[in-house]
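Student: First to last, the sequence lines map onto chains A and B. The numbers in numbering that gives the first Met the number 0 rise by one with no breaks, and the one at position 25 of the first sequence is 24. The numbers in numbering that gives the first Met the number 0 rise by one with no breaks, and the one at position 222 of the second sequence is 221.
What the hints contain is simulated information worked out from the structure, not anything from laboratory work. Please note: incorrect hints may appear among the correct ones.
[What the hints assert, rightly or not] To give an idea of the interface, some chain A residues facing chain B are shown, with a C-beta separation under 7 Å as derived from the structure:
(1) 42
(2) 46
(3) 47
(4) 64
(5) 114
(6) 117
(7) 118
[To be verified] One-sided and incomplete, this derived list gives chain A residues near chain B with beta-carbon spacing under 8 Å:
(8) 53
(9) 62
(10) 110
(11) 111
(12) 113
By construction, the Cβ of each residue, glycine as well, lies at the ideal position given by its N, Cα and C atoms.
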Amino acid sequence: MTGQSRGGLGRILLLIGRVALGAIFIVAAYGKLRPQLGMPWSIHSLKVSLSLFTMQVYSYQMLSSQAASTLGHFLPFFELFLGLWLITGIALRYSSLLATLSLCGFMAAIASAYHRGLAINCGCGIGPEEQVGPGALVRDGLKFLPLALAVTIGAFLIRRRRGDAVAPSDAAVPAGRRAE
Amino acid sequence: MAAWTLAALGILAAALASHAAPQTTHKPSGASTTVEKPVNAPVIHAPVKVYGSPKAPITMEVFTDYECPSCRSLYEGTLRPLIADYVASGKVYLIHRDFPLGMHKYSGQAARWANTAAEFGQFDAVEGALYDNQSSWQTDGSMEKYISAAMSASDFKRIELKMHGCDPPGPTAAATTAPHPCPVDSYIQQDIALGNQIPVRATPTYVITYKGQRLPPGNGIISWEILKQFFDSLLSQQ
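Based on the sequences and whatever the hints tell you, model everything.
Tutor: This is the structure:
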């Protein structure tokens, strides 16, 4: 396989990876924002869903009421934004790094809650309601986090290769200095 | 590359849109449904362990254990202001359900006292006495003195008479049949059975129903500020 074809394959894999990772965050955001109690989509249903998610955030018993409320109203939109940002591929190094750090944060919160013996819903927004525990950690640790890491590393590598490719060529170096 | 991105976005948008419609016209699939039937009403005429009016738009059922510290925190920090404010103003109907855990030595007996007191209209006094003095009676099970201090001597005498022969331990979720049966055990067993339908995995667990639609159960402590915020968001549509 030539360097060029390897680079092409890498970019394709990176595309698939960032779209998949972006989709995960968008689905998570959707799970938190979707209408509850049979309501149709509306500003009111959003308020209800955000308040419900805030309750789940607070149940981790890591934040004050005010902080939990702020995070509960901010996080779903942050996930939506991050998911879309990842899919566009713009500044992928930063978006993927942010995604990786976010996932690490989620896993730390779940692990902390489990360690303290809290039998609470993880509030992840992905799939059916799930309690904090090994299941949620395995899902995040074995599926999502490796993907995020792979995309992050890939984004940095691709960027570095692009940087090497546009470096001044040897032809620009005077002949007398080439032996150094 | 831009074309691929747009294609991916389009596919994702279509997938999300297909799930965006409210789930009222077809059977929800899987365990992620948010449209659920209310918990079945008890078939036994249980003593009154409720606060407020059943006509309130929001119903909150709370499954608790009197020896559970988190349940105490919930009661002191959240349920008390809830009762004083939103229950009193007819916004919330609060139902207490007993779910004594097997790991708590005296919680079954505490539930017996609460249910017996409920038969005489003294449930709120006993509930408050049990939670307020939890750290004291949970060491040796001596809850009677705190219960008696929460009501008149005559009321306590009647309750004590009814509790005659109801030797500990009381029924728990781990062992619903107590070695020394008590007339109120059936109410506790009924609550435990209801809790197992949810299912209750830990206490406190609360189930909120709004206009007949039940939310997935919530666990753990919830502050009054945040619960109030949630109730306000539900009620703001009215």
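Student: Each hint: holds or not?
Tutor: Each hint, compared with the structure:
The closest approach between the C-beta of residue 42(A) and any C-beta of chain B is roughly 10 Å, which is over the 7 Å cut-off, so the hint fails. A distance limit of 7 Å between C-beta atoms decides the matter here; for residue 46(A) the minimum to chain B is near 4 Å, and the interface restraint holds. A least Cβ separation of about 5 Å between residue 47(A) and chain B falls short of the 7 Å threshold, and the interface hint therefore holds. A distance limit of 7 Å between C-beta atoms decides the matter here; for residue 64(A) the minimum to chain B is near 4 Å, and the interface restraint holds.
At a threshold of 7 Å, the smallest CB-CB gap from residue 114(A) to chain B is about 15 Å, leaving the interface hint violated. Look at residue 117(A): its Cβ gets to within about 6 Å of chain B, closer than 7 Å, so that hint holds up. Proximity of residue 118(A) to chain B holds as hinted, the smallest CB-CB distance being about 3 Å (cut-off 7 Å). With 8 Å as the threshold, the beta carbon of residue 53(A) comes within range of chain B, its nearest partner Cβ sitting at about 6 Å, so the hint holds.
About 10 Å separates the beta-carbon of residue 62(A) from the nearest beta-carbon of chain B, more than 8 Å, and the hint is not met. Given hint, residue 110(A) at the interface with chain B, is violated; its Cβ is 16 Å from that chain's nearest Cβ, farther than 8 Å. For residue 111(A), the shortest C-beta to C-beta distance to chain B is roughly 13 Å, which exceeds 8 Å, and the interface hint is violated. The interface hint given for residue 113(A) is broken, as the beta carbon of that residue sits about 12 Å from the closest beta carbon of chain B, more than 8 Å.
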